[in-house]
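Got chain A sorted already, so can you dock chains B and C onto it with the hints?
Given next are the chains, with one letter for each unit.
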Amino acid sequence: MNNLLEVRNLTTHFHTQDGVVQAVNDVSFYVDVGETIALVGESGCGKTVSALSILRLIQEPPGKIKSGQILFHGADLLKLSNSEMQKIRGARISMIFQEPLTSLNPVLTIGLQLSEALEFHRNMSSQEARDESIRLLEAVGIPRAERRVKEYPHNFSGGMRQRVMIAMAISCHPNLIVADEPTTAVDVTVQAQLLALIKDISKRLNTSLILITHNLGIVARYAQRVYVMYGGRIVEHGSAKDVFHTPAHPYTIGLLSSVPRLDEPRKIRLSPITGQPPDLIFPEEGCAFRPRCNFIEGQCAQQAHSLVEISPGHFTACSLTQNGKVLWKKT
Amino acid sequence: MSTTTAEAETKTRPHHTLWGDAFIRLRRNKLAVSGAIIILIIAVAAIIVPWVSPYAYDKQDMSAILEGPSRDHPLGTDILGRDVMTRLIYGARTSLAVGLFTQFIVLIIGIPIGAFAGSLGGRADNLLMRFVDVMYAFPDILLIILLRSILGGSIYMLFLAIGLVAWVGVARLIRGQILSLKQRDFVVAARAAGASNLYRTTRLLIPNALGPIIVSVTFNVPRAIFMEAALSYIGIGVDPTIPSWGTMVRDGFDILFASPYVILFPAVAIAILMLSFTFLGDGLRDALDPRLRK
Amino acid sequence: MWLVVVLLVVSFLTFSLMHLVPGGPWDRDKQLSPQVIKNLNQKYGLDKPFMEQYARYMWGVLQGDLGVSYTRQDRGVTEILMEGLPKTATLGVLAFFLAMLIGIPLGMAAALRQNTAIDYASVLFSTIFASIPAFVLGILLMILFSVYLHWLPTGGWGQISNLIMPSFALAALPAAYTARITRASILEVSRQDYVRTARAKGIPQQVILLRHILRNALIPVLTITGPELAALVTGSFIIENLFSIPGVGRLFVQGVFQRDYGLIMGSILFYAFVIAIVNLVVDILYAAVDPRIRYD
Numbered sequence: 001m002n003n004l005l006e007v008r009n010l011t012t013h014f015h016t017q018d019g020v021v022q023a024v025n026d027v028s029f030y031v032d033v034g035e036t037i038a039l040v041g042e043s044g045c046g047k048t049v050s051a052l053s054i055l056r057l058i059q060e061p062p063g064k065i066k067s068g069q070i071l072f073h074g075a076d077l078l079k080l081s082n083s084e085m086q087k088i089r090g091a092r093i094s095m096i097f098q099e100p101l102t103s104l105n106p107v108l109t110i111g112l113q114l115s116e117a118l119e120f121h122r123n124m125s126s127q128e129a130r131d132e133s134i135r136l137l138e139a140v141g142i143p144r145a146e147r148r149v150k151e152y153p154h155n156f157s158g159g160m161r162q163r164v165m166i167a168m169a170i171s172c173h174p175n176l177i178v179a180d181e182p183t184t185a186v187d188v189t190v191q192a193q194l195l196a197l198i199k200d201i202s203k204r205l206n207t208s209l210i211l212i213t214h215n216l217g218i219v220a221r222y223a224q225r226v227y228v229m230y231g232g233r234i235v236e237h238g239s240a241k242d243v244f245h246t247p248a249h250p251y252t253i254g255l256l257s258s259v260p261r262l263d264e265p266r267k268i269r270l271s272p273i274t275g276q277p278p279d280l281i282f283p284e285e286g287c288a289f290r291p292r293c294n295f296i297e298g299q300c301a302q303q304a305h306s307l308v309e310i311s312p313g314h315f316t317a318c319s320l321t322q323n324g325k326v327l328w329k330k331t
Numbered sequence: 001m002s003t004t005t006a007e008a009e010t011k012t013r014p015h016h017t018l019w020g021d022a023f024i025r026l027r028r029n030k031l032a033v034s035g036a037i038i039i040l041i042i043a044v045a046a047i048i049v050p051w052v053s054p055y056a057y058d059k060q061d062m063s064a065i066l067e068g069p070s071r072d073h074p075l076g077t078d079i080l081g082r083d084v085m086t087r088l089i090y091g092a093r094t095s096l097a098v099g100l101f102t103q104f105i106v107l108i109i110g111i112p113i114g115a116f117a118g119s120l121g122g123r124a125d126n127l128l129m130r131f132v133d134v135m136y137a138f139p140d141i142l143l144i145i146l147l148r149s150i151l152g153g154s155i156y157m158l159f160l161a162i163g164l165v166a167w168v169g170v171a172r173l174i175r176g177q178i179l180s181l182k183q184r185d186f187v188v189a190a191r192a193a194g195a196s197n198l199y200r201t202t203r204l205l206i207p208n209a210l211g212p213i214i215v216s217v218t219f220n221v222p223r224a225i226f227m228e229a230a231l232s233y234i235g236i237g238v239d240p241t242i243p244s245w246g247t248m249v250r251d252g253f254d255i256l257f258a259s260p261y262v263i264l265f266p267a268v269a270i271a272i273l274m275l276s277f278t279f280l281g282d283g284l285r286d287a288l289d290p291r292l293r294k
Numbered sequence: 001m002w003l004v005v006v007l008l009v010v011s012f013l014t015f016s017l018m019h020l021v022p023g024g025p026w027d028r029d030k031q032l033s034p035q036v037i038k039n040l041n042q043k044y045g046l047d048k049p050f051m052e053q054y055a056r057y058m059w060g061v062l063q064g065d066l067g068v069s070y071t072r073q074d075r076g077v078t079e080i081l082m083e084g085l086p087k088t089a090t091l092g093v094l095a096f097f098l099a100m101l102i103g104i105p106l107g108m109a110a111a112l113r114q115n116t117a118i119d120y121a122s123v124l125f126s127t128i129f130a131s132i133p134a135f136v137l138g139i140l141l142m143i144l145f146s147v148y149l150h151w152l153p154t155g156g157w158g159q160i161s162n163l164i165m166p167s168f169a170l171a172a173l174p175a176a177y178t179a180r181i182t183r184a185s186i187l188e189v190s191r192q193d194y195v196r197t198a199r200a201k202g203i204p205q206q207v208i209l210l211r212h213i214l215r216n217a218l219i220p221v222l223t224i225t226g227p228e229l230a231a232l233v234t235g236s237f238i239i240e241n242l243f244s245i246p247g248v249g250r251l252f253v254q255g256v257f258q259r260d261y262g263l264i265m266g267s268i269l270f271y272a273f274v275i276a277i278v279n280l281v282v283d284i285l286y287a288a289v290d291p292r293i294r295y296d
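Taken in order, these protein sequences are the chains called A, B and C.
Residues 1 to 331 in the working numbering are what the first sequence lists, from first letter to last.
Residues 1 to 294 in the working numbering are what the second sequence lists, from first letter to last.
Residues 1 to 296 in the working numbering are what the third sequence lists, from first letter to last.
Bound-form chain A, shown alone:
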């Protein structure tokens, strides 16, 4: 295969007082060069842990990557030494975090936080790094950049801070950017601007993008392929078009019907997914979505988790759709 990044059978657990949280279980996905994929699911479904696992940023203890491979340009990141991994982080793979308010160090200037990666990865002098930081801030649309580099995070608004995070992420021209809910914490009006910015920059630099989100609207617009996660596993995977138009897992259907859709002329009644997210310490036997599923049948209690290709490139873990049942009728 010629993928930029391929995650194979990743399993990440957390050891807590209450037991072992199986946050990510046997998850596989890949990203091609220049491609944008989305990991979608509700809070606690394992999408953020998957992303942190790629960069080996899981706190250990309590966390631990139990098994799997993370192949980047064909080499397994999990086998690298810490110093080799350091050269990948920020330089080849970078990350944009969810919380712009807490993700920047409050006592260091924006300029310093931008230039430190440049100094380490691109061997710039501090003067060069400073000039480059100013250029980067301008590139992400921050006005008066030469003044702003001397300021501290608390002088910036949430949206501006997220722009700084984007500038940091692109500063060393990485091959892959992992964006973990980059727009959740900012105003709706700013969300679109930020996403357009990320998309625009990744296209220009031919950077691949993993977009982690619970917002299906974002997925439809920006991602080529989608992985839907539930309870630490991937339950559906396919092109954005397939997943949107012929969703093949009840959870995906639930997600779709709980999102207002502006691209549909008719007013469809929104229906939320009832029940609680699954217990990751004591997982259910059979299909994990069973307690919340509207289509449940007898076989669901026994069925082991497996992804089956139901049409070219479209995979689902639901045994009903695997057997040809159609759960979603296009309106």
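No wet-lab data here; the hints were simulated from the structure.
Only a predicted model underlies this, so the values are computations on that prediction, with no experimental measurement involved.
Yeah, the Cβ is synthetic: ideal placement off N, Cα and C, and Gly gets one too.
Some clues are possibly wrong.
Claimed, not checked - Some residues of chain C that are not near chain B, with every Cβ distance over 12 Å (derived):
1) Lys43
2) Met51
3) Tyr57
4) Glu83
5) Met100
6) Leu112
7) Ile164
8) Gln205
9) Leu210
10) Asp290
Stated by the list, open to error - Label-pair restraints from in silico Cβ distances:
11) C/Ser16 / B/Gly121: 28 to 34 Å
12) C/Pro227 / B/Gly20: 32 to 38 Å
13) B/Leu80 / C/Val147: 19 to 25 Å
14) A/His245 / C/Ala287: 56 to 62 Å
15) A/Thr16 / C/Ala89: 47 to 53 Å
This is chains B and C only, laid out in the frame that chain A set:
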């Protein structure tokens, strides 16, 4: 559907009340448990000592002066031939009395003032906080000494002097707790439902601030005990005829080279009692801190 | 400004409290005749109304004159305190630096080796020494190093050997406290999102520790140095008595026993002044370290 999940959860993860949960966590903490046991042993010994000790604390035996530890006197005798062990346990009475009664005074003064400053806010609150600031600038042991010379030499006045200085800490704690609790939803809900100010303060706010109060008392008791010992050591604490660890240290200091154990035992006793309270206090704080709840 | 208010309130409180003490400054073992007392009161201005006495006193304080001692042949309190000051200051500053030099590295070592033997040893050390009062520790040190080993003198002033036990006895508690706070604070900061951001940028571990973690983690350590120094001041007062060091604390106790109002008043003002200054310096440092805080 959702009920099955809820049932499954109650089966696998039993639910505890805050206090039950805290107690379980406290019991798991070995240091806290041993601290509590030592305090308990000292307290029981201090209570029953008049009935079980073969010696009176002030009984002098001129034929047995400054003896080392023996079968008759497990910890030896002091310069007046008094049994050190008996005096040590009577000293624990003084220490525990100081610890308890000062905290009593502290709570009686501190809780209402802190509670009303916190719930009324505004000018009353401002005034209290400024006063607290000034008190923090005042070296407390000096103030206690000063109060001591005004209030006179009885042990009750010593309680009062320490209590009068220490209450500001509790008042500030209560005020802070109440200010943060005020923002919490259940209090806002009670307010929306028309509960009176007094009701909210006494029924909702104070019970919820109880955890931090218990922790602060556990840390303040040894502080008061230390104050008494230090003052008695200097000679402005309890009356020299009352056995106290501080006066014993003072007596032992003069014969440090001749019979070092006379000073060693009370010094070690102070250290052990303070350590026990700290272990217990640390344990209580960890057990009651809801931020650590998973 | 606040400093001035605090000192005014403290001085007024002390002044009024001393006037409440039953028995005047001439209440000695040997009874003085009423005529003598009257003369003395007149001489020291004690026959004036209370507020006037206070105003006169504060006027003097503004000019650096803390009044006269009532028991030491009319020597000025300022002069007496100035003799004690270098001793108290030497002891306090020494103990403070000892506390920082022991406490911060100990807390760092514990945090960076969390859940190892180093961590447990450091936590045990800091719990024990955070709860043993300085004067008890001083006595234990004295028994060991003076009585049994004959290495160090039990008291006095003038030689380095006189300083060792008192400064360690005084430093132990703040050192333990500093170690606890440092450890907790580093662990707390290590969990922050911005540290994860720094790691995600591929910054080397040592740089993350020095630049991103320590700078933030030392802010709480700095904030407790104020109360810690204040505790040192009060602690030094007992330690000075224990180790016979003729510092301000010892003068104060002598003043209390001799009912020397001038001396009591002067030393309390001195302590309050030191504590207020320390808090002011800590506030300024705090603003220098944390850019979010600005004082106008």
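Verification of the supplied hints:
1. Lys43: Label holds. Min Cβ-Cβ 23 Å, cutoff 12 Å.
2. Met51: holds (20 Å)
3. Tyr57: The claim stands: C/Tyr57 keeps its Cβ more than 12 Å from every Cβ of chain B (closest is about 16 Å).
4. Glu83: C/Glu83 is indeed farther than 12 Å from all Cβ atoms of chain B, at 19 Å.
5. Met100: For C/Met100, whose nearest Cβ neighbour in chain B is about 21 Å away, the distance exceeds 12 Å, so it holds.
6. Leu112: Given a closest Cβ separation of 22 Å, the condition holds.
7. Ile164: holds (17 Å)
8. Gln205: About 27 Å separates C/Gln205 from the closest Cβ of chain B, which puts it past 12 Å; holds.
9. Leu210: holds (28 Å)
10. Asp290: holds (21 Å)
11. C/Ser16 / B/Gly121: 28 to 34 Å: holds (30 Å)
12. C/Pro227 / B/Gly20: 32 to 38 Å: holds (35 Å)
13. B/Leu80 / C/Val147: 19 to 25 Å: For B/Leu80 and C/Val147 the Cβ distance comes to about 21 Å; the hint holds.
14. A/His245 / C/Ala287: 56 to 62 Å: holds (58 Å)
15. A/Thr16 / C/Ala89: 47 to 53 Å: For C/Ala89 against A/Thr16, whose Cβ atoms are near 51 Å apart, the range 47 to 53 Å holds.
In summary, this structure violates none of the numbered hints.
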